[in-house]
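**Q** These protein sequence lines map, in sequence, to chains A and B.
Under numbering that gives the first Met the number 0, the first residue of the first sequence carries the number 0, and numbering increases by one thereafter.
Under numbering that gives the first Met the number 0, the first residue of the second sequence carries the number 0, and numbering increases by one thereafter.
Source of the hints: derived by calculation from the structure; they are not laboratory data.
Some clues are possibly wrong.
Mimicking SDA-like on lysine to any residue, the simulated pairs with C-alpha atoms at most 20 Å apart in a straight line are [stated by the list, open to error]:
1. Lys-90(A) x Thr-334(B)
2. Lys-376(B) x Ala-27(A)
3. Lys-90(A) x Ala-319(B)
4. Lys-376(B) x Ser-202(B)
5. Lys-410(B) x Pro-475(B)
6. Lys-410(B) x Glu-24(A)
7. Lys-376(B) x Lys-90(A)
8. Lys-376(B) x Glu-24(A)
9. Lys-410(B) x Ala-33(A)
10. Lys-410(B) x Leu-59(A)
11. Lys-90(A) x Glu-251(B)
12. Lys-410(B) x Arg-320(B)
13. Lys-376(B) x Asp-46(A)
14. Lys-90(A) x Ser-335(B)
Values in this document were obtained by computation on a predicted structure and should not be read as measured data.
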Amino acid sequence: MTERITRQDVAHVADLARLSLTDDELDAFTVQLADILDHAADLDALDLADVSPTAHPLPLVNVFRDDVIGPTSDRDEVLAAAPSVEDSQFKVPPVLGEGL
Amino acid sequence: MSARHLAEAVRSGARSARSVLDEHLDAISAREPEIHAFNVVLTEEATAAADEIDRRVAAGEDPGPLAGVPVAVKDNMCTRGIPTTCSSRILEGWIPPYDATVVERLAAAGAVMVGKTNLDEFAMGSSTENSAFGVTRNPLDTTKVPGGSSGGSAAAVAAGFVPLSLGSDTGGSIRQPAALCGVVGVKPTYGAVSRYGLVAFASSLDQIGPFARTVSDAALLLEVISGHDPLDSTSIPEAPADLTSVLDRGVEGMRIGIIEELSGDVLEGIAGDVRARLGEAAAALEAAGATVETTSVPSTVYGLSAYYVIAPAEASSNLARYDGVRFGLRVDAATSGEMHSATRTAGFGDEVKRRIMLGTYALSAGYYDAYYGKSQKVRTLIVDDFARAYGRYDLLLSPTSPTTAFSLGEKTADPMTMYLTDVCTIPSNLAGHPSMSVPFGVGDDGMPVGVQVLAPAMGEPAMFRAAAVLEAAAPPGAAA
Numbered sequence: 000m001t002e003r004i005t006r007q008d009v010a011h012v013a014d015l016a017r018l019s020l021t022d023d024e025l026d027a028f029t030v031q032l033a034d035i036l037d038h039a040a041d042l043d044a045l046d047l048a049d050v051s052p053t054a055h056p057l058p059l060v061n062v063f064r065d066d067v068i069g070p071t072s073d074r075d076e077v078l079a080a081a082p083s084v085e086d087s088q089f090k091v092p093p094v095l096g097e098g099l
Numbered sequence: 000m001s002a003r004h005l006a007e008a009v010r011s012g013a014r015s016a017r018s019v020l021d022e023h024l025d026a027i028s029a030r031e032p033e034i035h036a037f038n039v040v041l042t043e044e045a046t047a048a049a050d051e052i053d054r055r056v057a058a059g060e061d062p063g064p065l066a067g068v069p070v071a072v073k074d075n076m077c078t079r080g081i082p083t084t085c086s087s088r089i090l091e092g093w094i095p096p097y098d099a100t101v102v103e104r105l106a107a108a109g110a111v112m113v114g115k116t117n118l119d120e121f122a123m124g125s126s127t128e129n130s131a132f133g134v135t136r137n138p139l140d141t142t143k144v145p146g147g148s149s150g151g152s153a154a155a156v157a158a159g160f161v162p163l164s165l166g167s168d169t170g171g172s173i174r175q176p177a178a179l180c181g182v183v184g185v186k187p188t189y190g191a192v193s194r195y196g197l198v199a200f201a202s203s204l205d206q207i208g209p210f211a212r213t214v215s216d217a218a219l220l221l222e223v224i225s226g227h228d229p230l231d232s233t234s235i236p237e238a239p240a241d242l243t244s245v246l247d248r249g250v251e252g253m254r255i256g257i258i259e260e261l262s263g264d265v266l267e268g269i270a271g272d273v274r275a276r277l278g279e280a281a282a283a284l285e286a287a288g289a290t291v292e293t294t295s296v297p298s299t300v301y302g303l304s305a306y307y308v309i310a311p312a313e314a315s316s317n318l319a320r321y322d323g324v325r326f327g328l329r330v331d332a333a334t335s336g337e338m339h340s341a342t343r344t345a346g347f348g349d350e351v352k353r354r355i356m357l358g359t360y361a362l363s364a365g366y367y368d369a370y371y372g373k374s375q376k377v378r379t380l381i382v383d384d385f386a387r388a389y390g391r392y393d394l395l396l397s398p399t400s401p402t403t404a405f406s407l408g409e410k411t412a413d414p415m416t417m418y419l420t421d422v423c424t425i426p427s428n429l430a431g432h433p434s435m436s437v438p439f440g441v442g443d444d445g446m447p448v449g450v451q452v453l454a455p456a457m458g459e460p461a462m463f464r465a466a467a468v469l470e471a472a473a474p475p476g477a478a479a
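Start from the sequences, fold in the hints, and give me the full structure.
**A** The following block contains the structure:
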């Protein structure tokens, strides 16, 4: 049995997932995530030592196509959906700033 | 009128696509303010499309098997030039530069898209109460939920707004709302329908499928959207089976197993009235010549736990793309890192945040083996158990939902209670198998009950044959 998820764990995964939580949200999510993970503890009763994992329902293989030129998305149409664009490129705030 | 009859009437010139559309737009005007099935109704676009169908019929052309049939599309499928929101603030106002393959196939078959339907944000939910744009109500009782996540698509069909709609099903998101709204809903074999242009939730589980008022109409729509697509690398290369021609073949000689674990006392909460209808459905199949018996598929009880690790894990990865850079919402901040956080925090609702964090945790160092690794092994057990069961049975049977439609707000405070409503539908997604919900009478509250027919991969023909038998034998349903 794995230890129960803590408030600190939730704060850590929120940070990893780029989400900012208020103190109240942190409290509520900690209780809810712990409940969900507690339910998953029923899996601890299973002997899975010799069972191989399934990641996907189909036997996945690489799919190749002939190297021919086909229609692709229109650049201007794609860029038109972006919040900020300059010189046909996506524009973002400074990546290297204070505190990074 | 069925979609088949509407299409026949339009193709033969007996009815105009425009008159068919106007009739459905009138139905939408009358009740949509109360139901809220749609995020957007495309009156102008649909009118132009219907007029084009009529022009082609007049010119002697055949617009296709869905000629002039109004359809609704869940708002997590991309539509070129038309906003696609996933009922999330983070995609509000985003206009896709391409169509999903299913949307192209609908248009190529002559269907007229009348709107995009509401859903639980990013298809995460079982009641359509997690939408950023407001709840959808069950047309049969507006104090009840329509189910979810494809609640808008189910409600649109149940309310008579459209004869056909498309939903997506990751853990039951087509079948459960179909059951709660009293319509037919199908999750096809994984890979049978292209996922190109379906906004990803959990890629190894997601599958698009039809809602309809009849089994025959569901077969018609599934035939239109099925088939190999080079743009989806998980698309099955083999040609899809013909469903329409086998619908009336019955179940004589078929072996059908009722899944004990999902239908009786093993799990808490399978309601008495739902069990009673399941028993009657089994008797109807037996009367039609099938052998029906109860059978054990033991690991199905672990499906829920495995699913609520695997689906959030895949979601946490898929939803990393919403970073305010290339499309959708951006909340400005001094640095890119702060912009990512500010954007995601403002753009995602609580259920989406919960699942992203759950998935991130299940995949994080130190917990991967305990949660994600273990769940993937349980997935193998479920696949193996189904394989054993399908060695003895052609089809399996269970309830679709443990209960009839619950009240708005009843389960929103406790996520785990909401998740438990998916317990019967999840195993098919984990195995990649087809299954469908067929309305079969009503519960003690007068609301519809759905019976789930499960089949092995590519088993749609037998599944639809049994569904047709159930439909013909079903007691009266609930009236909208």
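**Q** So which of the earlier hints does this model not fit?
**A** 2, 5, 7, 8, 10, 11 and 12
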